[in-house]
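Chains as they are written, first to last, in the numbering used here: chain A, 1 to 268; chain B, 1 to 304; chain C, 1 to 476.
Warning: the hint list may mix true and false statements.
What the hints assert, rightly or not - Result set (DSBU-like, lysine-lysine): computed pairs, CA atoms no more than 35 Å apart in a straight line:
no., chain 1, residue 1, chain 2, residue 2
1, C, Lys36, B, Lys276
2, A, Lys83, B, Lys188
3, B, Lys100, B, Lys276
4, A, Lys83, A, Lys56
5, C, Lys10, B, Lys188
6, B, Lys100, A, Lys83
7, C, Lys136, A, Lys112
8, A, Lys83, A, Lys112
9, B, Lys188, A, Lys56
10, B, Lys298, B, Lys276
11, A, Lys112, B, Lys100
12, C, Lys136, B, Lys100
13, B, Lys298, A, Lys56
14, A, Lys85, B, Lys298
Calculated from the structure, these hints are not laboratory results.
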Amino acid sequence: MSAPLIEVEHLTMRFGGLIAVDDVTFSARPREITAIIGPNGAGKTTVFNCITGFYKPTAGRLTLRADREYLLERMLGHEIGQKAKVARTFQNIRLFPGMTVLENLMVAQHNKLMLASGMTVFGLFGLKSYRDAETAAIEVARRWLERINLVADADRPAGELPYGAQRRLEIARAMCTEPRLLCLDEPAAGLNPRESAELNELLISIRDGDGIGVLLIEHDMSVVMQISDHVVVLDYGRKIAEGPPADVQRDPAVIRAYLGTDEGDPDA
Amino acid sequence: MAYFTQQLINAITLGAIYGLIAIGYTMVYGIIGMINFAHGEVFMIGAFISLIGFMICAMLGIGSGAVAIILVLLVAMTFTAIYGWAIERTAYRPLRGSFKLAPLISAIGVSILLQNYVQLAQGARPKPGGHVVEGGFNLFSADGFDVRVTWLQIVIVVVTVVLMAGFSWLIAATPLGRQQRACEQDMKMASLLGVNVDRTISLTFVMGAALAAVAGAMFLMYYGIIDFFIGFLAGIKAFTAAVLGGIGSLPGAMLGGLLIGLIEVFWAGYFSSEYKDVAVFAILVLVLIFRPTGLLGKPEIEKV
Amino acid sequence: MGPRLQHYLKDAGLTALVAAGLAFFIVGFRTYDIGKGLTFDYQFVDLGIAVVAIFFGRLGLSLAADGHDWPALVLGAALGAVGASPIKLPSTFLHWFVGLAGLLVVLRTIWPWANRGLAAARHSPRGVPVGQAIAKWLGAGLLAVAVVMPMTPLADQKTMDLAVLILTYVMLGWGLNIVVGLAGLLDLGYVAFYAVGAYSYALLSTQFGMSFWSVLPLAGMMAASFGLLLGFPVLRLRGDYLAIVTLGFGEIIRLVLLNWVDLSNGPAGIGSIPGPTLFGAVFAETAPEGSQTFAEMMGIPFSGNQRLIFLYYIILALALVTNFFTQRIRRLPVGRAWEALREDETACKALGINPTNTKLTAFAVGAMFAGFAGSFFAAKQRFISPESFTFIESAIILAIVVLGGMGSQIGVVLAAVLLIGLPEWFRDLGAYRMVAFGLAMVLIMVFRPRGLIAHREPSVRLHPARRAPVHRKGLA
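Pulled out of the complex, with its shape left as it was, chain A reads as follows (with noise of 0.2 Å):
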């Protein structure tokens, strides 16, 4: 087993008197698809924006280990992407809905291609070393847009997408900016089942394939059960089971959380 890419230890995220995220410790691996499940409310976004920089954690540490250690909770949002190379689709997605689909791949490749236009001058000048830069980046994209089956619209707005193929861009967009984690929220929802069989396969290829870690949030637990390594339980913002998805699916505790006990509430 390779060692973990991110580990969360103790994170806590209070809003005013609300504890959304209490005490909350796991970890992620290269090469594994971890899925953090639990019913409405858990706190699993909260996670996702405490690692991604949009929240500055309560309390806890969160280190990425790789060329280097970073310790996330110290650093600004754009720096998680820019240096981390943690990337984010969201659970509303948020394309640039006016710009082409290209553009969008484009734009995730901004600090890459920023450097090559010599912070816009070289690019101003039309520098051969830029417009190089530019055509790999294009390239980049293309084999995004083939990887998700969309390269005949990609020169149309974003926003113009239909909803599944939207959420298949948000994720190649993410993946443009060369990540070594990916965190993946409800990327199934609102999918029809085959949207979702090609959703796993595009999942699994980016674990295996471009060998990066996963970290994903879902609801659909059939997709959980089908491609997860590693599964981690949160309710009312506290981590009540960790492990394969075979043996969380047994846990008394994850069973109790979801279809609820007697004071539970019994529709999450």
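Chains B and C: place on chain A using the hints.
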């Protein structure tokens, strides 16, 4: 000490006027989250209607005193409220759901439109008027300096306090106020629960405009002269007051108005009157940078 | 139509009532000075006619909206006829008001027809989107006209003056378009950077005798540094707060210029600013010691128009540089990041884009072009004072960008011609110009928030173009 007291009295008077305008900004921001850039112009129109109202009163022989003020205030509030309603209905309501900056740009358009409409209809020259309440009394004298309170200052502060008290009651205890607070929290949910959102928003604009009209009448009486351009500066100062107090908060607007009055008067009194507006603008910028929630505002949590 | 008619009448009646309520005091009574105080006239006849026109105008609009084309057309034509007729209405304004109301009804009625026609014509047989082709040719055509214009007999002093003015606003509009249109940052204090450029040149030339051409880059850098300085603390703010803060900065700069008399000579302004030179030749009847006039250099007789034509080409070149720069930078990573920020800042952060730095570059670049334009303005006017840099100036530039279509370069040109050119041409309208500005801003936001030209050309393509036109979805 005497000088200080005198400045304090002047500052409170001015602060009362700013506070009344600021309420309009804060309520609209609270309910639909937009900066009603045209609100200063509504105030200006209130001042013009009051000016004409006082002239009509004089013509009708209601020479001075409480009757004239009450009549003019009522008329100005009513007719300025129509402006508030019409602006929301035509320039802002169609933009719900448009891109984020659309209402603000539209509001700037309304502001330019109203300013120049009044200039066209009434001329560009300053208009003197509104000398209804004369006289005052000496509070005390010290260091050879008379501290003077005018009857007008008392009228302004009393009217403001009464209006603000009535208004706070309206928001806190009536169904209308409850609906407004509901819309502020969650417009979609409020509408699902049977609140007429359009009507509530309209009424918010109407109330804001009516209060601005009162502020306009008092501005006219206090300075004795107005022109079509007064809405710009007064509007920005009142907006600063709303932001300083915490935008969205009613007590904040009153507190902010008072503070802006104090800052402006004391800056002019102790430093330089040329830079008094710079001081207000600087406060606006500093508050927005360092404490965008103001003194009494609630922090916003960014939803991702 | 029977039962509906009652509804239309009621609606029109309500509209007229509201209009009457709005105008009752402000229009019904006209105050004026009589030496020792104010008095007023009644204008109730005027008000009444206007309200009646509004009643019928609204009626016509409702009819047109529900497809009762013929009654609407008749009503519109009748209003137009009254407006244009020799029947004596109390004022010329009312003639215009009634006439325009009629025109509005007619336009509203034929709008759907025209739209259908346009939709059919939108694609030429080869499948090239017509709008795109027009925009391309329009751009080239306008450029050719702009270059040739001063050499034609059209170029009298009045026209050249106006052309220089329009081009100045085109340049300012293009500069602001970077900030507002591309990066989505509503800057209400843009004129401050214009002022910085103008005062930089005015001071450096009158105090240190520096020439226009050596100050020009300095003025741009100066304005850009101000942009960085002001932008750094505020660009984290939300859009509408940012707008107000920039407004505050704009006013602070104006007030400082007004009151810091030692630096700026206060409200009296700075005069005798030298104009730009061409290879050292001045544009004047007589040259100062040690230099020659342009007429002497060329061996042609002096004419006052030479200076204007020279100024014209300078501002044309400056504007084209702005345009070229913008077109170019849109295709670079930083330009794409600007547009991405406009679309969704949160997503940008997640992709590792530093939002503050990216906004800052847009702000500074926009400011730089305002600085160039400002020093040109000072050199052209030869006199500047803080009065030229009020908020209303920022609002006019913003109106040009908004009307043209945020992010559209050719739209800015059209809007500048429309908003600056037309009112100057019809001097009588001068007083109504700002009312029209305000109204136009509201109407554009309500009916066509993407502006006159809504077309957006992708900054990069995978497939060589020839596909359906790409329309921008929204700016949010």
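Checked hints:
Under the criterion of a C-alpha separation no larger than 35 Å, the hint pairing lysine 36 of chain C with lysine 276 of chain B is consistent with the structure, at around 31 Å. Proximity of lysine 83 of chain A to lysine 188 of chain B is assessed by CA-CA distance (about 40 Å); at most 35 Å being required, the pair is judged violated. Straight-line distance between C-alpha atoms of lysine 100 of chain B and lysine 276 of chain B comes to about 33 Å, which keeps the hinted pair within the 35 Å bound. For a cut-off of 35 Å, the pair hint linking lysine 83 of chain A to lysine 56 of chain A stands: about 17 Å separates their Cα positions.
Among the hinted pairs, lysine 10 of chain C with lysine 188 of chain B is consistent with the structure: their alpha-carbon atoms are about 30 Å apart, no more than 35 Å. Restraint check for lysine 100 of chain B and lysine 83 of chain A: the C-alpha separation of about 31 Å stays at or below 35 Å, so the hint holds. A distance of roughly 32 Å separates the Cα atoms of lysine 136 of chain C and lysine 112 of chain A; the hinted pair therefore holds under the 35 Å criterion. Taking the CA atoms of lysine 83 of chain A and lysine 112 of chain A, the gap is about 11 Å. The hint holds against a cut of 35 Å.
Restraint check for lysine 188 of chain B and lysine 56 of chain A: the C-alpha separation of about 30 Å stays at or below 35 Å, so the hint holds. Annotation: proposed proximity of lysine 298 of chain B to lysine 276 of chain B holds, straight-line Cα distance about 29 Å (limit 35 Å). Proximity of lysine 112 of chain A to lysine 100 of chain B is assessed by CA-CA distance (about 30 Å); at most 35 Å being required, the pair is judged to hold. Taken as a hint, the lysine 136 of chain C and lysine 100 of chain B pair is honoured in the structure, with Cα atoms around 30 Å apart against an allowance of 35 Å.
Straight-line distance between C-alpha atoms of lysine 298 of chain B and lysine 56 of chain A comes to about 19 Å, which keeps the hinted pair within the 35 Å bound. For the proposed pair lysine 85 of chain A and lysine 298 of chain B, the alpha carbon gap of about 34 Å is at most 35 Å, so the pair holds.
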